[in-house]
Amino acid sequence: MPLLVSIDAYKELFEHSVEAFFLADPKTTRLFHANKAACVMFGYTAEEILQLGRDAVIDTTGPHFNLMLNERLEQRKFKGLVTGVRKNGERFPVEISSVIVEDSEGGLVAATLATDLSDQQAETLKAVKDVRIIHQREEDSRALLESVLNSLGDGFFIVNRNFTVLFWNTAVEKLLHRKAEEVVGKNIWEEFPDLIMLKQYDDFEKLYNQNKSIRFRDYFPQYKMWADVNVYPSEKYISVYIKDVTEVKNLRALEKIERDVLEMNARPDSILEHTLDFYLRAIENIHPEMIVSVLRLKNNRLYNWSAPSLAAGFRDAIEGAEIGENVGSCGSAAFRKEKVVVTDVMTDPLWKDFRDLASEHGLRACWSFPLMDAYNNVMGTFAVYYKEPKFPGKDEEYTVERAKNMLTIILENKLSVEAVKMSNQSYDMVALATNDAIWDWDTGTNMVHRRGKGLKMLFGYELEESEQEENFWYKRIHPDDLDAVFEKQRKILGDPAEIYWEDEYRFLKKNGQYAYVHDKGYIIRDAAGRAIRLLGATRDITERKESEALLLELNNRLKQRADELAASNVELERFAYIASHDMQEPLRMITSFLQLFKKRYEDQIDETAEQYIHFAVDGADRMKKLIMDLLQYSRVGSNKDDFEDIHTNGLVNEVVSVFLAAAEESKAIITVDELPDVRANRTQLFQLFQNLIGNALKYQSDAPPRIHVSGKEEEKHFVFSVRDNGIGIKPLFFEKIFVLFQRLHHKSEYSGTGIGLAICKKIVERHHGKIWVESEPGKGSCFYFSIAKELEDKFS
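Residue numbers (the numbering used here): 695 to 1490.
Among the hints, erroneous ones may be present.
What the hints assert, rightly or not - Calculated pairs, DSS-like style, for lysine-lysine (alpha carbon to alpha carbon, straight line, at most 30 Å):
#1 868 to 880
#2 1483 to 1464
#3 918 to 721
#4 1088 to 943
#5 1406 to 1361
#6 873 to 1084
#7 1253 to 1214
#8 1169 to 1203
#9 868 to 943
#10 1430 to 1406
#11 1473 to 1456
#12 1424 to 1392
#13 1033 to 992
#14 992 to 1081
#15 1046 to 868
#16 1046 to 1108
#17 771 to 873
#18 1033 to 943
#19 1088 to 1098
#20 1084 to 1147
#21 1088 to 771
#22 1169 to 1239
#23 1169 to 1098
#24 771 to 950
#25 1169 to 1185
#26 1150 to 1203
#27 1098 to 1033
#28 992 to 771
#29 918 to 950
#30 1081 to 1033
#31 1033 to 950
#32 930 to 868
#33 721 to 781
#34 868 to 992
#35 1203 to 1147
#36 1456 to 1392
Hints are computed from structural coordinates only; laboratory data are not their basis.
Every value quoted in this text rests on a predicted model; they were computed, and no experiment measured them.
Construct all of the structure, not just a fragment, from the sequences and the given hints.
Printed below as a string of C-alpha cells:
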C-alpha cells in the first residue's frame, strides 16, 4: 500500500535536506517541488526547475531509465544510477531513491531523493549548511516521518546530546547489522564501541560548541564496508546519514591500481616480482581481510611468486609442492585447471595434509584460481586466504575476477617478454659462437638483421654495410645462380606446408672473389600460413666444393684403375686357364716320357741314371703342385660364390674325414668343440680349415699328433682356433709364415710349396677378419682366425 501523506509534509521534511529532493507526477515529467539542495546541485532556481520539468535535469534517453520508471510503478519504489545535467550542460552521475505515495486526496505522488556522486557534491554540502531535521514535529506527524525515513535507501539515525539513539531506520539496520529495537534508547558508543576508534570521533565534540556539520569517508572493518558519513547537528539532536560506497570505492580503486600496474609492467626495467607485490598489496588494502598470493607452476610443482602478507613459515612449507587432484586449493586448481573454493580448510578433504600448517598460521579459508595463458596452459595460481571460514560474496567475487584477469595479463605479457629476451640472448650467443653469417629476415618490411662475426670473417663485409644497402645480399649472388635461387625461395615461401629453406650458390665477397655458400633458414608463419619471418645462417663451403671436385677427379682416376684392374683380372683368369691346361700338359708329357724311358731301358741304365730320372719326375710333380697352389691362391680373390649359412661343426667333420687315413697312420687324435654357425663362402671356409688341420698333421714331432678345433662368438666376429702339439714356430717367423712362398723348412724335411698359409690369410681377409699364430718351439702351435658377423651376400 502507498503511504498516505500530504505534499506539504514532504516539502517541510526535506526542504533542508543535504540531498536534492523532488516531488513529481509519477506518470509525467512534471515536477511539483524542488528543495534548495536541488537548486544548488543542478544550478537552476526552483522556478526554473518546475517550469522545465524532469527532463531538464535528468538524462532520460537511455533504455534503462524507462525500465526504472516501470519498476517504480510496479514496486512503488526504486533506487538506481542516472546521469544528471546541470544548467551549464555538465553531465554527472546521480544516485536516485524514489517512492510513490498517496496524498490526502488519493492522488499519487513520486518523492525522490538525488545524490550527487561527483566532486560537485562537496559544494552542495557546503552550500547547504543550515540542514536541519525537524525533530520538533507534532506527535501526529511522527509516524509519517518514520515511514518516509525508513523508505530511504541510505542509513539514517538520530541521537540526542547524550548520544542516546532516538531513531534507527531500516537501511541502517542492514548496514550495521543491528535491529532498531536493539539500539533505540541506548548509548551509541556503548553499543558500537569500535566506532570510538574512528579518527573522526574527536570531531563530534566540535558539534556541541560550533554547531557544524561534518562529512567523511572511512572503512568499517567489522562490517567490511566503506561508507560516506554525513553528520548534522541541531540544538538538541544529531542526525547521521550513512551511505555504503564500498562498491563504488572499490571499483575506482581497482581501476586506478590496474592503470598503475599496467604502466609499471610495461616499463622495460620492471621486475615481475615487484609488480606482483605492488598489485597484491593494493588488493589487500581494498579488502583488508584478504591475504592474497600468486604461485608459479613449473614442472608440475608450485613455487612462490608473490605473497607479501603471507607468513614466511607458510610460504616455505608449500614451496615446491607437487600439484594433484587433492592437494589443497592451489595444487588442485592448477591440476584441474578450474577454480577451487574451500570455505573452511579445517573440514574440507582437499586440505587434510595441510590442516596443521593452516592452523599454525591462523588460516581458515582459501580460494584458488588457475592463471591460464592463451594456449590454455597453467602459468600459476592466484589464491585468496581468510582467517575465518568464508564464502565468496558478490563484492569479493567481483574483485577476485578482475584480479585474476589482470594477473593473467601481467604474467602472460611479462613471460612473453622474458621468453623473447631469452630467445634474443640465445640468438646473440649463437651468433657469437658460430663462424656462420647469422641473419633474421622480416618478410613484411623486407628488413634483414645480421649479427655476429660471420659476415665479416667469411665475406669481408661489416654489419652496418649490409643493413644500409637495399637488397644487399641479392645484388651479390652470382648472376648465373640468381634466378634459380630466387625461384626456389619464392616457391617454398609460398607453400604453407614448408618450414625450411636451403640452397647452394655463389656469393661475391668484398675482395672480388666468389665463394660457394650453403644458405638455410627456418620459416615462421602466421595463422593464415603466410611466411612472416625467416631465421637462418650462411656458411662458406668453398673448401668443401674444392674437395668435392678433387674427390670427383680421384674417383675418376680410381674408376680408371678399376677398369685396368678388371682387365688385369681377365688376363689373370686367362693365365689361370693356361696354367691349369697348357702349362700342365708339357709337365705331364715330361713325366710320362721319363717314366716310359725308365721302363723301356730299365736293364740298360745304372743307378745314377735312375736317380736322375727320379729327380726329373719329382721336379715335374712339384712344379705341377706349385702351379695348382698358385691357381688356388689366385682364385681366392676372384671367387664370386655367394655367402651361405654354414653349420660349422658339420663342415669341420667333412674336413677331418679327408685326413682319416693320414690320422690313422700317425695315430693322431683330432677333437672338435661345439662351434658357432657362421655365414661365409663354404668352399673357402672348407679350404681354410683343411690347410690348418693339414699343417697340424704335417709339422709334427715324434709324439702322436693332438689337434683340437674350437670357436667362440664375440661382439662383431666369430673367432676359431686350431691347436696342435707339433714342432712349434719361433716368434721371429710369426709374420713371415703368411707371406707367399715363405718356407721355414727344407722340402726334404717337410713337403709343401709355401703357399698354403698365404691362401689362408687371403681367405680370412676376404671375410673381413684376421689370422695370427701363438707358438713356442717344441711346444706346438695355435692358429687363430676371425670372421666378421655381418657380411654382404657376395664378395665385392
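Hints, verified against the model:
no.	hint	in the structure
1	868 to 880	holds, 18 Å
2	1483 to 1464	holds, 13 Å
3	918 to 721	violated, 39 Å
4	1088 to 943	holds, 15 Å
5	1406 to 1361	holds, 28 Å
6	873 to 1084	holds, 24 Å
7	1253 to 1214	violated, 34 Å
8	1169 to 1203	holds, 11 Å
9	868 to 943	holds, 19 Å
10	1430 to 1406	holds, 27 Å
11	1473 to 1456	holds, 27 Å
12	1424 to 1392	holds, 17 Å
13	1033 to 992	holds, 19 Å
14	992 to 1081	holds, 28 Å
15	1046 to 868	violated, 37 Å
16	1046 to 1108	violated, 35 Å
17	771 to 873	holds, 22 Å
18	1033 to 943	holds, 26 Å
19	1088 to 1098	holds, 15 Å
20	1084 to 1147	violated, 62 Å
21	1088 to 771	holds, 23 Å
22	1169 to 1239	holds, 22 Å
23	1169 to 1098	violated, 53 Å
24	771 to 950	violated, 34 Å
25	1169 to 1185	holds, 20 Å
26	1150 to 1203	holds, 10 Å
27	1098 to 1033	holds, 11 Å
28	992 to 771	violated, 55 Å
29	918 to 950	holds, 21 Å
30	1081 to 1033	holds, 20 Å
31	1033 to 950	holds, 26 Å
32	930 to 868	holds, 27 Å
33	721 to 781	holds, 24 Å
34	868 to 992	violated, 46 Å
35	1203 to 1147	holds, 15 Å
36	1456 to 1392	holds, 21 Å
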